[in-house]
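**Student:** Chains as they are written, first to last, in my numbering: chain H, 1 to 170; chain W, 1 to 264.
This list has only true hints and no planted wrong ones.
Computed list of lysine to aspartate or glutamate pairs in EDC-like fashion (alpha-carbon distance at most 16 Å, straight line): (1) H:K7 - W:E74; (2) W:K148 - W:E132; (3) W:K59 - H:E27.
The hints are simulated quantities; they were obtained by calculation from the structure and are not laboratory data.
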Amino acid sequence: MIEKIKKEIINSIDSLLRYAIVMVGNEEDAKDLVQETCYKALKNMNSLDENSNVKAWLFTIMRNLWINQRKRSQISPVQLDETIEDVCDEWNINPEELLINNEVRQILMRALNELPDAYREILVLRYFEDFSYNEISKILNCPVGTVMSRLNRAREKLKETFLKIYEKKQ
Amino acid sequence: MIDHKTIKIWINLYLDGELAGDELELFKQHIKECPDCTKILKQQRDFIDSIRALKDEVKIQSKDFKTELTKQIERFKPERRKTIKYIAFAGIIAILLIITISFIYFHSERTDFVKIAVENHMRQVNGQLPLEVVSSSETEISNWFNGKLKFNFRLPRYPDPSNQPYRIKGARLVALNNDYAALVSYEMDNRPMTLFVAPSKSATPYGKRKVNFKEIDFYLDTRDGFNILSWTDKGLTYALVFDFENFDWKKPCIVCHSQETKEM
Chain H
1 MIEKIKKEII NSIDSLLRYA IVMVGNEEDA KDLVQETCYK ALKNMNSLDE NSNVKAWLFT
61 IMRNLWINQR KRSQISPVQL DETIEDVCDE WNINPEELLI NNEVRQILMR ALNELPDAYR
121 EILVLRYFED FSYNEISKIL NCPVGTVMSR LNRAREKLKE TFLKIYEKKQ
Chain W
1 MIDHKTIKIW INLYLDGELA GDELELFKQH IKECPDCTKI LKQQRDFIDS IRALKDEVKI
61 QSKDFKTELT KQIERFKPER RKTIKYIAFA GIIAILLIIT ISFIYFHSER TDFVKIAVEN
121 HMRQVNGQLP LEVVSSSETE ISNWFNGKLK FNFRLPRYPD PSNQPYRIKG ARLVALNNDY
181 AALVSYEMDN RPMTLFVAPS KSATPYGKRK VNFKEIDFYL DTRDGFNILS WTDKGLTYAL
241 VFDFENFDWK KPCIVCHSQE TKEM
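This is chain H alone, in the form it adopts within the complex (with noise of 0.2 Å):
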């Protein structure tokens, strides 16, 4: 069990190195955030039993370390408009384009970044992590209906936020 469960966490490095880059915006604050990570889980794996999601629970294990130092540095959370919004803006550049197109994928890249932290971690979690609303809500500890209402106000901020940028370059 405990084997299995560090070989979980080791598979789990890659995602939670590019979660805490996301967050955190740089390299040797994020490999800290990580090791302190895995550190802690491996120190509270008696917690957990085998059906555990053994990926969500580290990344939970993470976010609270990062919100605990965010605390230390007095960072002042940000007002999250949570309502339900439906498709809004239009998206008229298809993910071939993106991948080719290097200047636009760094344009969403900034996007993304200038986004505050509630959306940009949704985000993350949902599109590069792919959990579902369920393990995003546990791991957010907030309930399914907030999960949903703030990826759909994550996207159209990211939608919004990257047409500005797009249109001021053309």
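Following the hints, put chain W in place on chain H, whose structure we already have.
**Tutor:** Chain W only, in chain H's frame:
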């Protein structure tokens, strides 16, 4: 008939794999028949695929880091299950106190015992409540309390002192409802832990979870980052306060007391 507004909301749920059952069927049917919604679905799918494509943009020079971290993880040897010790410790205190505690009650109003226990723990750890008796001897501490409290309180002795998982640091009196209650300070795995004891007439155990063990209801709660285990037995109420993260209350109990413990 589903309106377009609902379908637009469902588009994201569909693309995220969160639409199921009748709703999924209705959605598919509508998309088949509605070119406008089909267009929006295509645009939104492209957008989401674009977000997914960003995953590869997050690049970190992580080979050495990953190798070293992997080695550390593989080398890690888990310590003996600390969580067992906490519950075992609380259980032993509860059982042994049954023999030693008499019925004396305060006649004052009930109070938020758990909150006060946490406050006392924090103040004790911060040095604002210095110990009045410093000793690791249960007998010495029990004798010190003798005559100072309106209730009979004696600390039990651990059955096998050579294997005692905690260390008693000392004790003191603390105020509660215009009278005194007992505060005993412990250390376990280099972490502070306090036991707060008061008559059950003026103190009620509380916790979001209730665990029955040996016919005593233990209440489990977390406040301000501390875990609190509180219970009432033979006219006295106890609160054990300690910090311990990712504490799984269920497993240690079963491991330690599988013969006696009901499912929690």
